[in-house]
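Numbering-wise (my numbering), the sequence shown opens with residue 155 and increments by one.
Hints were generated in silico from the structure; no laboratory data involved. Please note: incorrect hints may appear among the correct ones.
Said to hold, decoys possible - The list that follows gives simulated cross-link-like pairs (lysine to aspartate or glutamate, DMTMM-like), each with its CA atoms no further than 25 Å apart:
no.: 1; residue 1: K317; residue 2: E296
no.: 2; residue 1: K368; residue 2: D382
no.: 3; residue 1: K387; residue 2: E318
no.: 4; residue 1: K387; residue 2: E423
no.: 5; residue 1: K438; residue 2: E318
To be verified - Pairwise CB distance ranges (calculated):
no.: 6; residue 1: K214; residue 2: Q284; range: 22 to 28 Å
no.: 7; residue 1: S465; residue 2: K214; range: 45 to 51 Å
no.: 8; residue 1: L407; residue 2: D430; range: 16 to 22 Å
Computed from a predicted model, the values in this text were never measured in an experiment. Glycine is no exception: its CB is placed at the ideal position from the N, C-alpha and C atoms.
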Amino acid sequence: MSRKIFKQKIPICFATDDNYVPFLTVALASLLDNASKENFYKIYVLTSHLSEENMNSIKKHKQENCSIEFVQLSKELDKVQDMFHLRDYYSKETYYRIFIPNLFPQYDKVLYLDCDITILGDVSELYNTQIHGYYVAAAQEEVMQTFEVFGNYVEQADGINRKEYFNAGILLINCRRWRNKFIAERFVDLLNRYTFRVVQDEDYLNVLCKGNVKKISLGWNKTSYKNDAFDDKDLKIIHWKINWRPWKYKDVLYEEHFWKYAKMTDFYERLITMRDSRTEEDKKKDELLMENLSKMAQDDADDPNNYYKTSGKKGFWVRFFKRIGIIIRFRLIINASIFRRKK
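Can you make the complete structure from the sequences, with help from the hints?
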């Protein structure tokens, strides 16, 4: 029997731990349901550890036009995990997207997708976006346009116009340019000099990629709340952010798409239970989290020692000699054979 010849091979990376596997499987089910049968989708799951049971649940979604590999980052990368700044529901896996071009030197570009999404279009269309001369292609971060406190934060703490700030959950990465411009190494350097507490990895990426971002349609990264300026006919990817998540609340905008694909996974009943078992106390905790995040954004915007107000104001040679050892050490780690793959 002859093997099918596919029109195009599309590399796609997710990053997860065991906690996010239910959402990842929903994303996979939706991705493959809308994928072209003419293309082959090479799916990589980046992780530090996954249970055998969860890996099996993920592998159930494998089809003729896709492969699924688990890229288990080795203990070498764990040596620097203490540098990663984390809060709330963030895990160290959120930072793995930054190292994708170094982990996959065979690719010129890779599509990175968050786990908490539902896909309604064929991602090959997004993958074929022309990004020559850019570091990434990404959509505008809606939250910064909707909430004044967060828009003010990115302008006063990151030094980025809120209209130019992108969401890092859906990224088409120009791997060749990323490697040539040493973005991973520059990230480690920046991580050791400044702590971005509010959006963390997204702040770092926006600072590093400033002026080198190809804008894509909001339809490829739409937050699940009403935006009068957005036409739902353009909806391609729904991003379930913050408190607009169907496994936490009922009547979330676009939730019917999430539950459609959740039924195709091993986790439908668990996700329903997750939503229905939430108490008023849980909801109050969500409200408090949002209040604290808003306060943190305001505090960091006002901080005279934040990135935007201090970047580049310290002596060059002092910075250089203090950081060069860290950069060299990390580059040796990230360019080594630091991961294992499991089919």
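Hint check:
no.	hint	result
1	K317 / E296	holds, 9 Å
2	K368 / D382	holds, 24 Å
3	K387 / E318	holds, 24 Å
4	K387 / E423	violated, 30 Å
5	K438 / E318	violated, 32 Å
6	K214 / Q284: 22 to 28 Å	violated, 35 Å
7	S465 / K214: 45 to 51 Å	holds, 47 Å
8	L407 / D430: 16 to 22 Å	holds, 19 Å
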